[in-house]
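*Asks:* So you can see what is in the structure, the chains are spelled out below.
2 protein chains.
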Amino acid sequence: MSTTQMTADNGVNVEALLGAREALTAAPEAAQFQWRATCEWMRGTHSRSKVERFFGLGEEQQHRTAFTFDADHPEIFASEDKGSTPVEMVLVGLAGCLTAGVASVAQNRDIQLRKVSATIEGKMDLQGILGIDSDVRNGFDDVTVRFDIDADATQEEIEALVAQSQKRSAVFDIVTNPTQVTVEVGR
Amino acid sequence: MSTTQMTADNGVNVEALLGAREALTAAPEAAQFQWRATCEWMRGTHSRSKVERFFGLGEEQQHRTAFTFDADHPEIFASEDKGSTPVEMVLVGLAGCLTAGVASVAQNRDIQLRKVSATIEGKMDLQGILGIDSDVRNGFDDVTVRFDIDADATQEEIEALVAQSQKRSAVFDIVTNPTQVTVEVGR
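Each protein sequence line maps, in turn, to chains S and G. Under the working numbering, think of the first position of the first sequence as 1, with each following residue one higher. Under the working numbering, think of the first position of the second sequence as 1, with each following residue one higher.
Errors might be hidden in some of the hints.
Any copy, or any two copies together, can satisfy a pair, since identical chains are not distinguished.
What the hints assert, rightly or not - Pairs of lysine-lysine residues, derived as BS3-like cross-links and limited to a Cα-Cα distance of at most 27 Å, are as follows:
hint : residue 1 : residue 2
1    : K167      : K115
2    : K167      : K123
3    : K115      : K50
In case anyone wonders, no lab produced these hints; they're calculated from the structure.
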């Protein structure tokens, strides 16, 4: 086993993450998280959501600042295009999750990253959401993510980084596997 | 069949949407859309994504403006919390999609909305993404959306609005059903 000092610096604190893994292995109840958002309808298809608080490590947590998001439909759907569409936000979440994973895995493997870019595309047949053809699903037909990575590593090492990120990605799991969603209406 | 004039105004152009449905029924190739985002790694787990162009109605389309999103991990994971987490963005997408649907369906049913709020929560056991327990999934255990709606309608009509929105929601489909995701690495 190598005891060589790490030389790569991708800005990821791997020591803290490995410490967290150790701590949560000993106290699995602290690993139970709850992520949240609130959403207010503005007008038409425009809504504004806020992300601020979450629960984890056994207590209420808070982001350093509240993050707000405008969602809307584009003008070609007779909307005002005041924000990205909700499906584009899912693509952003997937790209961000895989990219954070690439940086974390690279740090853990002592690989210096210089540039990581991803382009992501989701195909959708609008005959689904418009109710034209009930055999067409509402969501994406499929999604493609393409990474371009410049790093101090071989092509094979770079491909292994991306594969490991994919294996541990929360949003990759959410998109590729089913999740139960309960929708309730207050009285 | 009623010929009564619509009185509700939720800011949704239902006539245009019904026209689009008619047009796309006649020309289904125009219904083939491609939604996109690009993502750049900044440092650590922080990335910045941009949503600007998409393809639909047979040609390249563009939002009125480019939308940018910062994604990061929170400080309790030894990150800098420069943006919401990618999983929170998925929650925002789901809330925004269902909310736009509620407004559209309400307009189509001539129901005046006064206020629509949603709170959304996704439970996650971090033993998954941390690789502590391979039986724990990386994504959400489950998601709950709770709507509070003030409208000129009965409770049953409001519940029917939400049910119909859910039935036609792209992001609800993406989260509740599996989608194939292909991840490629450029050479």
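*Asks:* Is it within, between, both or neither when you check K115 against K50 at 27 Å Cα-Cα?
*Replies:* between (30 Å within a copy, 16 Å between copies)
*Asks:* One pair to classify: K167 and K123, alpha carbons no more than 27 Å apart. Within, between, both, or neither?
*Replies:* This pair counts as both: shortest intra-copy Cα distance 23 Å, inter-copy 19 Å.
*Asks:* Evaluate K167 and K115 at a C-alpha cut-off of 27 Å and name the case that applies: within, between, both or neither.
*Replies:* within (21 Å within a copy, 41 Å between copies)
In the structure shown, no violation is registered for any of the earlier numbered hints.
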